[in-house]
Amino acid sequence: MADKTSSNAYWAANIRVITISLVIWFVCSFGLGIILRPALKGIMVGGADLGFWMAQNGSIYVFLVLIFAYAAKMNKLDKEHGVDE
Amino acid sequence: MDQFTLNLIVVGLTFALYIGIAVWARAGSTAEFYAAGQGVHPIMNGMATGADWMSAASFISMAGIIAFGGYETSAYLMGWTGGYVLLALLLAPYLRKFGKFTVPEFIGDRFYSGGARLLAVICLIVISVTYVIGQMRGVGVTFSRFLEVSTDTGLYIGAAIVFAYAVLGGMKGITYTQVAQYVVLIIAYTIPALFISLQLTGSFLPQLGLIGSYAPSGGDMTFLAKLDSVVTELGFKAYTGDSANYFNMFLFTMSLMIGTAGLPHVIIRFFTVPKVADARSSAGWSLVFIALLYTVAPAVGSMARLNLSTTMWPAAVTGSAFSGPAISRADIESKPELSWIRTWEKTGLLAMSDLNGDGMIQYVNEPADLAANTKAMGEAKAALAKAAEADKAGIEAKIAELTTAREGLLAAAQVGTSGKTFAEMGLTGNEVTKVDNDIMVLANPEIAALPGWVVAIVAAGALAAALSTAAGLLLAISSAISHDLIKGSINPNISEKGELLAARVSMGGAIVVATYLGLNPPGFAAQVVALAFGLAAATIFPVLMMGIFSKRINKEGAIAGMLVGLIFTSVYIFIYKGWFFIPGTNNLPDTAANYFFGISPLSIGTIGAVMNFLTAFVVSGATKAPPQHVVELVESIRVPKGAGSAQAH
Numbered sequence: 004m005a006d007k008t009s010s011n012a013y014w015a016a017n018i019r020v021i022t023i024s025l026v027i028w029f030v031c032s033f034g035l036g037i038i039l040r041p042a043l044k045g046i047m048v049g050g051a052d053l054g055f056w057m058a059q060n061g062s063i064y065v066f067l068v069l070i071f072a073y074a075a076k077m078n079k080l081d082k083e084h085g086v087d088e
Numbered sequence: 002m003d004q005f006t007l008n009l010i011v012v013g014l015t016f017a018l019y020i021g022i023a024v025w026a027r028a029g030s031t032a033e034f035y036a037a038g039q040g041v042h043p044i045m046n047g048m049a050t051g052a053d054w055m056s057a058a059s060f061i062s063m064a065g066i067i068a069f070g071g072y073e074t075s076a077y078l079m080g081w082t083g084g085y086v087l088l089a090l091l092l093a094p095y096l097r098k099f100g101k102f103t104v105p106e107f108i109g110d111r112f113y114s115g116g117a118r119l120l121a122v123i124c125l126i127v128i129s130v131t132y133v134i135g136q137m138r139g140v141g142v143t144f145s146r147f148l149e150v151s152t153d154t155g156l157y158i159g160a161a162i163v164f165a166y167a168v169l170g171g172m173k174g175i176t177y178t179q180v181a182q183y184v185v186l187i188i189a190y191t192i193p194a195l196f197i198s199l200q201l202t203g204s205f206l207p208q209l210g211l212i213g214s215y216a217p218s219g220g221d222m223t224f225l226a227k228l229d230s231v232v233t234e235l236g237f238k239a240y241t242g243d244s245a246n247y248f249n250m251f252l253f254t255m256s257l258m259i260g261t262a263g264l265p266h267v268i269i270r271f272f273t274v275p276k277v278a279d280a281r282s283s284a285g286w287s288l289v290f291i292a293l294l295y296t297v298a299p300a301v302g303s304m305a306r307l308n309l310s311t312t313m314w315p316a317a318v319t320g321s322a323f324s325g326p327a328i329s330r331a332d333i334e335s336k337p338e339l340s341w342i343r344t345w346e347k348t349g350l351l352a353m354s355d356l357n358g359d360g361m362i363q364y365v366n367e368p369a370d371l372a373a374n375t376k377a378m379g380e381a382k383a384a385l386a387k388a389a390e391a392d393k394a395g396i397e398a399k400i401a402e403l404t405t406a407r408e409g410l411l412a413a414a415q416v417g418t419s420g421k422t423f424a425e426m427g428l429t430g431n432e433v434t435k436v437d438n439d440i441m442v443l444a445n446p447e448i449a450a451l452p453g454w455v456v457a458i459v460a461a462g463a464l465a466a467a468l469s470t471a472a473g474l475l476l477a478i479s480s481a482i483s484h485d486l487i488k489g490s491i492n493p494n495i496s497e498k499g500e501l502l503a504a505r506v507s508m509g510g511a512i513v514v515a516t517y518l519g520l521n522p523p524g525f526a527a528q529v530v531a532l533a534f535g536l537a538a539a540t541i542f543p544v545l546m547m548g549i550f551s552k553r554i555n556k557e558g559a560i561a562g563m564l565v566g567l568i569f570t571s572v573y574i575f576i577y578k579g580w581f582f583i584p585g586t587n588n589l590p591d592t593a594a595n596y597f598f599g600i601s602p603l604s605i606g607t608i609g610a611v612m613n614f615l616t617a618f619v620v621s622g623a624t625k626a627p628p629q630h631v632v633e634l635v636e637s638i639r640v641p642k643g644a645g646s647a648q649a650h
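Sequence order for the protein chains is A and B. Position 75 (the first sequence) corresponds to 78 in our numbering; numbering is contiguous. Position 645 (the second sequence) corresponds to 646 in our numbering; numbering is contiguous.
Hints are computed from structural coordinates only; laboratory data are not their basis. Beta carbons: idealized from backbone N, C-alpha and C, even for Gly. Hints may contain errors.
Under the rule of at most 20 Å between Cα atoms (straight-line distance), these lysine to any residue pairs were calculated in the SDA-like manner [to be verified]:
{"hint": "1", "chain 1": "A", "residue 1": "K7", "chain 2": "B", "residue 2": "Y247"}
{"hint": "2", "chain 1": "A", "residue 1": "K44", "chain 2": "B", "residue 2": "F251"}
{"hint": "3", "chain 1": "B", "residue 1": "K552", "chain 2": "B", "residue 2": "Y113"}
{"hint": "4", "chain 1": "B", "residue 1": "K552", "chain 2": "A", "residue 2": "T8"}
{"hint": "5", "chain 1": "A", "residue 1": "K44", "chain 2": "B", "residue 2": "M222"}
{"hint": "6", "chain 1": "A", "residue 1": "K76", "chain 2": "B", "residue 2": "K552"}
{"hint": "7", "chain 1": "B", "residue 1": "K552", "chain 2": "A", "residue 2": "R19"}
{"hint": "8", "chain 1": "B", "residue 1": "K276", "chain 2": "A", "residue 2": "T8"}
{"hint": "9", "chain 1": "B", "residue 1": "K642", "chain 2": "A", "residue 2": "A16"}
{"hint": "10", "chain 1": "B", "residue 1": "K642", "chain 2": "A", "residue 2": "G85"}
{"hint": "11", "chain 1": "A", "residue 1": "K7", "chain 2": "B", "residue 2": "M222"}
{"hint": "12", "chain 1": "A", "residue 1": "K44", "chain 2": "B", "residue 2": "Y247"}
{"hint": "13", "chain 1": "B", "residue 1": "K552", "chain 2": "A", "residue 2": "N11"}
Pairwise CB distance ranges (calculated) [what the hints assert, rightly or not]:
{"hint": "14", "chain 1": "B", "residue 1": "P452", "chain 2": "A", "residue 2": "K44", "range": "38 to 46 Å"}
{"hint": "15", "chain 1": "B", "residue 1": "A593", "chain 2": "A", "residue 2": "G85", "range": "51 to 59 Å"}
{"hint": "16", "chain 1": "A", "residue 1": "V26", "chain 2": "B", "residue 2": "E334", "range": "56 to 64 Å"}
{"hint": "17", "chain 1": "A", "residue 1": "G85", "chain 2": "B", "residue 2": "L199", "range": "49 to 57 Å"}
Start from the sequences, fold in the hints, and give me the full structure.
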């Protein structure tokens with residue numbers, strides 16, 4: 004196993020990435036798709052209002068981007084901290 | 002060639018393919034049986050996870066639920082996909098690094114407790130068994146609709162196929178079969194959707210069609226505006242209308258998300274990839290393959306809904322529904338493009354009745370009071386048919402009373418936005434008496450007049466969706482029995498060969514039990530799904546997450562948290578659905594007016610999860626910290642290095 008300080012820094016960096024990702028995850032699905040929908044009725048995505056589109060299609064695209072972005076970022080962090088396989 | 006022969010050939014070919022894969026991918030060791038030798042490519046694993054996850058419910062039922070529920074049912078779309086973000090970020094990579102075979106094994110090791118492991122096994126078995134019943138039913142029902150055999154015969158055939166590849170190949174056989182099943186089911190789902198989207202919106206991609214313009218009226222109106230205007234004219238709620246309860250929708254979506262991330266048969270899929278980095282990307286690939294179906298589903302549902310409405314009111318295609326006559330019974334009987342109505346009437350999933358005897362079928366929504374009268378009338382008439390001679394007079398009096406009340410209701414109730422009452426329009430009620438949700442996907446190719454081979458592929462796709470999920474669930478059950486119960490507590494010294502045999506025998510046993518339950522489903526099968534998601538959300542997800550992200554949560558905290566989540570969630574569901582789902586034992590009626598803070602039993606998993614977290618923190622804080630070797634275990638699963646060597650056990 005890598006030395007203690009290095010793996011602590013790695014874990015702190017990981018937690019930071021997870022926190023940012025989960026904020027985006029929450030805002031796009033629960034935020035735009037549910038809570039804020041009534042307030043955002045004026046913004047249209049094609050024939051749908053933004054909240055409706057996020058709830059039926061948009062949030063799924065955001066989830067996809069989030070997972071791959073997280074995987075790429077973590078691969079980089081793994082290498083930087085010398086904990087990759 | 003007739004449709005039946007075509008269905009038989011296509012379904013037969015896919016089954017031959019699954020068996021072929023089973024023979025090729027036999028498992029030779031427990032590592033292969035439980036985790037496919039941890040050598041599955043992340044993209045292949047993603048496809049297999051997609052098939053594993055997308056059940057008969059996703060394939061057959063979801064689009065129909067969305068078609069009739071509209072915006073509010075987006076909870077399913079977000080919930081059943083957003084859970085993969087939680088899996089990829091919070092669970093999959095660490096559990097892969099842990100490098101063992103089952104979810105209870107992690108819980109037992111991390112919380113240094115056989116009791117915690119046993120509790121996890123119980124939760125896992127309750128969750129997976131309830132799920133598998135639905136899949137076995139799905140197999141039987143699909144067989145009976147497309148291949149003209151009884152539901153029971155269909156179930157036996159399905160069970161025999163799963164038996165062949167799951168017992169022989171374990172996770173290895175299941176994974177490669179699921180890859181093939183994914184391909185079959187996604188083709189079956191998307192082909193009709195592409196053609197229908199092209200017909201209705203001029204856009205080949207259903208995702209763009211959904212937000213595009215409505216083609217048949219010249220494209221001056223968006224598709225969604227057209228759909229809303231047609232369904233509201235007929236008296237239904239607008240498809241894009243607001244949610245009746247945004248708070249409950251929020252909790253329901255969250256419950257489905259964390260429930261998804263806590264389902265054992267999904268989690269164990271990430272044990273099959275070679276490296277920690279692969280577990281992360283494999284969750285992304287899984288979602289790519291799931292999103293292919295899930296982003297198409299709202300288009301399938303909404304377009305089928307519009308097609309159904311304009312079929313019933315042909316004038317609605319270009320103008321308002323009531324500007325022309327409703328569809329006539331004579332047309333339904335004679336026109337070839339309407340033959341799908343006759344086909345599906347035969348199955349009982351679609352029912353029409355010319356109540357006012359005008360030769361036409363008027364499809365409108367009955368307002369709440371009128372609908373309540375219709376329901377009471379139906380129940381009274383059914384009771385009359387079964388009643389003993391002595392009771393008949395009372396029931397007949399009741400029917401007479403309802404009939405009088407109905408006169409008044411028909412004179413007062415408006416038909417949608419027509420500005421006229423039911424009486425003024427000469428209507429005595431909604432003449433489309435039943436539209437089953439499932440029809441929206443199953444009849445789709447026929448509604449769009451697509452060729453027979455597309456219908457055959459939809460049959461094969463529905464079977465692939467049900468079989469692939471059943472196999473994944475059966476593996477989760479059998480590995481919990483052979484690995485967690487037999488090797489974990491009953492006989493820890495069992496040899497590798499003995500454990501593999503035990504795994505195969507438990508798999509066979511699980512299939513026999515699942516088949517039995519599929520043949521004799523408990524009356525409550527549908528409601529139990531709420532329990533499965535609620536329990537996964539309230540027990541397994543929190544305990545796994547805390548096990549990874551906290552070094553302080555100890556044995557006492559984890560067990561107390563799981564018990565509180567388990568008991569709280571089940572009790573809340575039992576209060577509305579009946580104790581242990583026995584009809585009539587519910588304490589409160591299962592309607593929105595009686596829910597605490599408007600929270601439905603479907604959404605309660607979120608609250609159960611919060612209680613699990615809180616309990617675990619409080620109890621752990623008050624008791625002794627975990628021993629040093631557990632702290633080291635947590636530190637080791639947090640870094641990817643060394644995962645390859647950790648698999649030996």
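Which hint numbers doesn't this structure obey? The structure conflicts with hints 1, 6, 8 and 11, although it agrees with all the remaining ones.
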